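Chains as they are written, first to last, in our numbering: chain E, 6 to 1068; chain Y, 74 to 556.
Derived from the structure by calculation, the hints contain no laboratory data.
Bear in mind the structure is a predicted one, so any value in this text is a computation, not a measurement.
In this text, a Cβ means the ideal position worked out from N, Cα and C, and glycines have one as well.
Check before you lean on any hint, since a few could be wrong.
For lysine to aspartate or glutamate, the following EDC-like pairs were computed, each having C-alpha atoms within a straight-line distance of at most 20 Å [said to hold, decoys possible]:
#	chain 1	residue 1	chain 2	residue 2
1	E	LYS897	E	ASP1005
2	E	LYS1030	Y	GLU105
3	Y	LYS333	Y	GLU466
4	E	LYS1030	Y	GLU110
5	E	LYS955	Y	GLU245
6	Y	LYS133	Y	GLU185
7	E	LYS310	Y	GLU105
8	Y	LYS142	E	ASP326
9	Y	LYS390	Y	ASP497
10	E	LYS1030	Y	GLU245
11	Y	LYS148	E	ASP898
12	Y	LYS175	E	GLU332
13	E	LYS955	Y	GLU513
14	Y	LYS142	E	ASP986
15	E	LYS850	E	ASP898
16	Y	LYS148	E	ASP986
17	E	LYS955	Y	ASP321
18	E	LYS955	Y	GLU105
19	Y	LYS148	E	GLU332
20	Y	LYS148	Y	GLU105
21	E	LYS100	E	ASP81
22	E	LYS804	E	ASP898
23	Y	LYS382	Y	GLU466
24	Y	LYS175	E	ASP325
The following label-pair restraints were derived from C-beta to C-beta distances [what the hints assert, rightly or not]:
#	chain 1	residue 1	chain 2	residue 2	range
25	E	SER876	Y	VAL255	53 to 61 Å
26	Y	ALA326	E	ASN877	34 to 42 Å
27	E	GLY313	Y	ASP164	15 to 23 Å
28	Y	ASN303	E	ASP344	34 to 42 Å
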Amino acid sequence: MIHSNLKYFSKASALLLLVLIGQATLAQQKQSVKQKPGKVAAQKVTVKGVVTNHSNGKPLAGITVSYGEIAADLTDEKGIFSINVPGLDVELHLKGEGFEPRQVALKGRSDLSIAMISETGKSFQQNVMLQHGSTPLRNNTASIGAVSVNGNWNRPFESIDDLLQGQVAGLQSIRRSGAASKGANLMLRGQNSLYGTNMPLVIVDGMLFDPADYGNSLMGGNYTNPLSLINSQDIDNVSVIKDASSEYGAKGANGAIIITTGRAKRQATSIDFGVYGSYNQMPEQLPMMNAADYRTYLGEILQSKGMGIATIAAMPYMRDDSLTNREYYKYHNNTNWQDKVLRNSINKNYFLKVTGGDNIATYALSIGFSNMEGVLKSNDLTKYNTRFNAAFNFSKRLTGQANLGFTYNEQNLRSQGIDAKTSPLFVALTKSPLLIANEVNEKGIFSPNLGDTDIFGVSNPSVLIEKAQGGSKNYRFAGSYTFNYDLAKSLKASAMIGVFYDKNRENIFTPRKGVADDTLSNAIADSRLGTQVRRLFSTYFDAKLEYDKTINNDHHVASRIGLRYQQNAAEQDYTLGYNSATDELISVQNGVGALRQTGGGINEWNWMNSYFSTEYGFKERVFLTFSAAMDGSSRFGPNAKAGLGISGVRYAFMPSLGAAWIISSGSAFGNAASIDLFKLRATLSRSGNDDIGNYTARQTYTSQNFLGMQGLVRSGIPNPSIQWETSTKANVGVDVAFWNDRVAMSLDLYSSKTTDMLVYEKVLSGSGFENVLTNGGAMKNSGFEAMVNMRAINRSALKWDLGFTYATNRNKILRVPNDQFLTNTHGATIITQNGASANVFFGYKTNGVFASSTQAVASGLKTKNADGSYSNFQAGDLQFVDLNGDRIIDEKDMQQLGSAAPRFHGSFSSKLSLTRFTIDALFTFSQGNEIFNQLRYYLESASGTENQLKSVVSRWRTEGQVTNMPKASFGDPRGNNRFSDRWIEDGSYLRLRNLTISYDLAFREKFVKNASVYLTGNNLLTFTKYMGYDPEFSAGNAGFAQGIDAGLDPLFRAVTMGIRIGL
Amino acid sequence: MNSMKYKRKLQLGALLGAIILMSLGCKKMTEEHNAVEDPMLQKNLFEVISQNQSLSSFAKYLVETGLDKTLASSKSYTVFAPSNESLILLDASIKGSPVKLKQFIANHITEELVSYTSSTPKKRIRMLNGKFNSIAPFSIESAVASQSNQYASNGILHTINMSVNALENCWEFIASNASAPVKQRNFLQSLFRNIFDPTTATVIGINPTTGDPIYQKGTDSVFANMFLRNVHDLRDESKQFTAFILADGGWDAEQAAYSKYFATGTADSTAFATAWNIVRDFAVDTLYTPSGLPDTVVSKFGAKLPINKNAIVASIKTSNGYVYVMSALPVAPALRFTTRVIEAEKYAASSVDRRSVTYFRDRYNDLSKNFYSDVLVLNHGVAMFNLRYDQAEIPAIKYKAYWVAVNDFQTATFTQKLGVGSPDALLLPYVNVVANTKGEVYLGEFTLTRYSPVLSFYLTAANSTANAANPLVCDYIKLVPSL
């Protein structure tokens, strides 16, 4: 389908291209006529000036002062320059090695005095790398966050999504878990889609880099993060485009992150080598009940189960006589199981990077090795990575680039999160402290063998750590070649061909001894075996024609037209086996044949995007941009309503407009030289989200087994009118720089509206299906962002840079089917309701615990049982708020309990340079986000024999006891543990995310260019009221999973020491 | 410059100080949530009791008996602590005996969690000494809670106004209390036997011919009392019994009155059979308090004991019921010897294996309006084919015999008979089984001159091999004492 349309499309684009080229050549002719008088006019006025170093007031020599491409001068040893310009309303550019570039509007002055500050990397004069190359941030109409990673020499163990935390206002990076390389969930300016992705588009060296994890891991709670396959030490800079990403058409709705990897900056060979070691500190343990508290609890819970006291007293854990009780030593211990699964650990990293070349080719080659041990025992990650970036000058006109990267990960993993059978951390928390890891005989002699499941049917956490196996081996090869050909002076053609190939192989083995059995539909599974391979193959093609021309030094036009095409194929194959003969047989073919399950899936999808963009700049003070894209995708339904129809196929049309006006350069600001930049900008754009499922528009079938009869059944109702989600964004911003460019500040106000948002609509039950995916929803985000960077102190020996980012976003659902719907996930109930924000927790409110029967009777409250009958609340039960006053606590009493989205989030940063020392600190914060502490739900529900938090000691025990912890009641008959504000916590935090002290060593030997020592602390301090391990986690990429603490391996504190030597 | 640096230092210091303060402040949140702040929950039951001045005597006895360690353990308990005043009058015999004192103190502690409310259900709860006490709202036995529902880390404490004595159970009273009559006791105590019980036996081999296990001598039996085993286990604290014990005079009178019905070959065995058949009716597993004692108590074996309240010498409350010492408990033979109904389909054996022609039928009797099951043996081809029924404890009395035998399978009348003691015994004649007779048919009467521990009855077919003449059919056989 898409192939056939590609033909039409390419025809259409060819036509467009022809028109454009025609126009371009026309323009060129016109310009060449006009240019001559311009050049003459260029030397009318002479401007003189002196450039000083701001830190000591001394004159600066060797600073390039230029006007456009026609005039330039270097300052002499007294810092004096002289330059001829066409008039006194132009702008001069100043550049010098080690100094922040400056752009100075003359505003009628012919004698200048300029103080320059050393590089901050944060001013508006910095060039940022965008879709089509590098441009000064100052000249952009869009809202852009620029992050200079510069090889990430101080935090080598973090992947790029982690590193982006706190760097860009409005980009929320929430780390998924403490397991190595799990990365972070990225969200730009709130949640734009309910069921589609909210992850910004990632582009690495010009090629789309798919950051999604296709298919599920065999190990629960795990996520394979493709972004960790870009070694962060290879990254040079990152630009985050928050709006106006229309050029990426139906993929641009969530903004774009443009990553540029390092390349040779000069031809001389330079070698950089880094060695790092890191100490990872075990997270602070949750305070669980000890053996004595637990046994008292156990006696109570068993009595509430209806077990007679004689039966309870006969249990091996209650019989305290070691002579008659053969299992005395097995059940009379006080084990801290968290100690058995958590540990302190060590990370290692080696990295070597060589750059160099000659006038024909330059290259950057890097190789790296990392070994990261997690804080969970047996978890580790070994990573090998290499990258080769090269730039070639084949001829004067033909140039090319190659970017090749390969990363291979070998990871040992276990299940994470709430998994009562195989997740070591969760089992350790809930395992009875009366037991012990090893087998013990009736005389109290311990065996080195690990014990089996206990009397409560709970797995042995040490078995899950030591005997179970789980591993993933994955790699990604990403490579691209780009060829550029200069057709004319201002006209350039380029083409990129890229490919990436992902493979992820997983193997698991869960032994029978020491692990609770699982139940299959037709058997009991004791040992569990599995293997899985996931593959993703993607080819990418981007060809464009670019026109770039400056006319008369006043008008700058850059236009391009191009075509991108991406072809993807993903495949997943897995086999699960069960009940191998012994625990020595661990590979999947040893499972019982009859129980073997094999499955998988193949997905193919294609995307084609033709784009046009043009920028116009007038006198470097007024900028206009226009871009448009037309997207075709194999995912779109043939009957989609929006977009353009070309021979039966729908194409999304995504235009955007932008404008910026630098007021400070004009006369409006008079001669106020204290304001270096005052710029207004605005964009209006439309983009799309094509994460609508590969085959939603088509009728698909699935195999089914019914009473031994095999067959194919429809797997849902196709929606041939399914289409992309449309995001319409408006952004107004102001960029201000003053105080000799020492302060740079950006403020942004935005609003974005998602229409055609994917929602599930209920269908008639007679159809045999529950719902169908449609484009029937709408949602809105609006917010404010601020970014301030400041050189607070600028002395020769002491420099202090301060940074601040702040973002606040309000989300509002405009339209969903039936005005509202509930989603149940991870034990939480979430309401999506017109007029409210997305993902609001929806449950009961509580009002303490009934201290006495009188109180419970007086309240008259009843709860509805599963069978429809009612039972009264009793003393020791929770008092739920009866919202509708009918004395019955049921779903009508549920109310909104807050949202996982923060009211605001952001960061502070500080960089203090003191002679050779640099102290770099980054604080991140998030305020007003609510967390459903699902882990605490399990550890405080007091409804089973699992160990509980120490807080459960304060539970209600007898009449008249005033407490806020309800009584222990087996199976929770009164529903005290229903989803309520009891489990909702304030997830606000302020964290000292990173603190680096680096010291530049002085070397006398000439062959060492530079050497630095780093001491970095990660997650050093966290201030929060949150009661779980850590307030930062992400249980899944879906919006619905945000703010739910599903007990994933927690983040931890780490201290890294490293040394970098440059030759 | 210097002042700048100083300022910077000051600012850094302030920032650091703020961080430390905040961290201390925040740390408290998680700890606060998990801290056990209730002072009561920081103490165990023993600590709570020993810190209560009004319970100092109880606390002292707890230490003496070693139960203080129990109450300091991590198991859950409810303690009904008698106040100091109520322990002043504690019997010296209890104080003096460590065993009795422990029994007494343990009678105030239970592992069950009892929280008193006005709606606490009445029930008996097991105390730490194994005995059961009755609880009701704010009371245990006859003691009343003066202070209730105090809690500690490992349980609940109620203060009660009087102590709860650990009573003897029914068996302890009958078997060992000095005030219990001697003769019945001696007989009951003579009933201990070694009884085969392989549950704890050690197997030392397998019989090669039968395949049965061979047990080590001495391990394959338990020393058990026939009364406790076959009638009621009066030692069981969890149940409640009413037991009667006859004063020696009354015992002798009953023996004399009944010895003729249990005549055997020897005087000893006659005496034993008489005593056993009388005493087995003297306990029921229903609690009858003195005020609630009915006129007639029906024993497990169907005997109707007429209770003359004037004959009650003493009523003893025990931990598991009541024992009544009776001067006499005369039971008329008609009340003791009950009608026996033998279901014909539940035979013990047949003379010849004829399972292929034996039918167990489920029918409806339109005369008695009952559903019934019977046995029918047809076409067996054996003269005097018979089915055997074993009946235990048959006294030496006269019985009238009846049966219901429904001949609905042939029109011809045939005959069958009930053989008492042997298939061809002549005590009862052959009786016609007429087609479609659905009522009880009188077979005649017979007198037994000797008591039989086990007596076999036979349903015997006609002495013929002709199929029409020798069917065997019967719903039930009824033996009515004729005294």
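Results for each hint:
1. E/LYS897 <-> E/ASP1005: Measuring from Cα to Cα gives roughly 65 Å; hence the hint is violated.
2. E/LYS1030 <-> Y/GLU105: Answer holds: E/LYS1030 to Y/GLU105 is near 11 Å, not above 20 Å.
3. Y/LYS333 <-> Y/GLU466: 14 Å, holds
4. E/LYS1030 <-> Y/GLU110: 19 Å, holds
5. E/LYS955 <-> Y/GLU245: Distance ~47 Å between E/LYS955 and Y/GLU245 Cα, so the pair is violated.
6. Y/LYS133 <-> Y/GLU185: 23 Å, violated
7. E/LYS310 <-> Y/GLU105: Outside the cut-off at roughly 30 Å; violated.
8. Y/LYS142 <-> E/ASP326: 14 Å, holds
9. Y/LYS390 <-> Y/ASP497: Cα-Cα ~54 Å, so violated.
10. E/LYS1030 <-> Y/GLU245: 63 Å, violated
11. Y/LYS148 <-> E/ASP898: Violated - the C-alpha atoms of E/ASP898 and Y/LYS148 are around 39 Å apart, more than 20 Å.
12. Y/LYS175 <-> E/GLU332: 27 Å, violated
13. E/LYS955 <-> Y/GLU513: 75 Å, violated
14. Y/LYS142 <-> E/ASP986: 41 Å, violated
15. E/LYS850 <-> E/ASP898: At roughly 8 Å apart (the allowed maximum being 20 Å), E/ASP898 and E/LYS850 satisfy the hint.
16. Y/LYS148 <-> E/ASP986: 32 Å, violated
17. E/LYS955 <-> Y/ASP321: 65 Å, violated
18. E/LYS955 <-> Y/GLU105: 11 Å, holds
19. Y/LYS148 <-> E/GLU332: 17 Å, holds
20. Y/LYS148 <-> Y/GLU105: Given that 20 Å is the threshold and the Cα spacing comes to 26 Å, the pair is violated.
21. E/LYS100 <-> E/ASP81: Distance ~14 Å between E/LYS100 and E/ASP81 Cα, so the pair holds.
22. E/LYS804 <-> E/ASP898: Cα-Cα ~58 Å, so violated.
23. Y/LYS382 <-> Y/GLU466: 30 Å, violated
24. Y/LYS175 <-> E/ASP325: 18 Å, holds
25. E/SER876 <-> Y/VAL255: 53 to 61 Å: 57 Å, holds
26. Y/ALA326 <-> E/ASN877: 34 to 42 Å: 59 Å, violated
27. E/GLY313 <-> Y/ASP164: 15 to 23 Å: With Cβ atoms ~32 Å apart, the hint is violated.
28. Y/ASN303 <-> E/ASP344: 34 to 42 Å: 58 Å, violated
Hint check: violations occur at hints 1, 5, 6, 7, 9, 10, 11, 12, 13, 14, 16, 17, 20, 22, 23, 26, 27 and 28; the rest are consistent with the structure.
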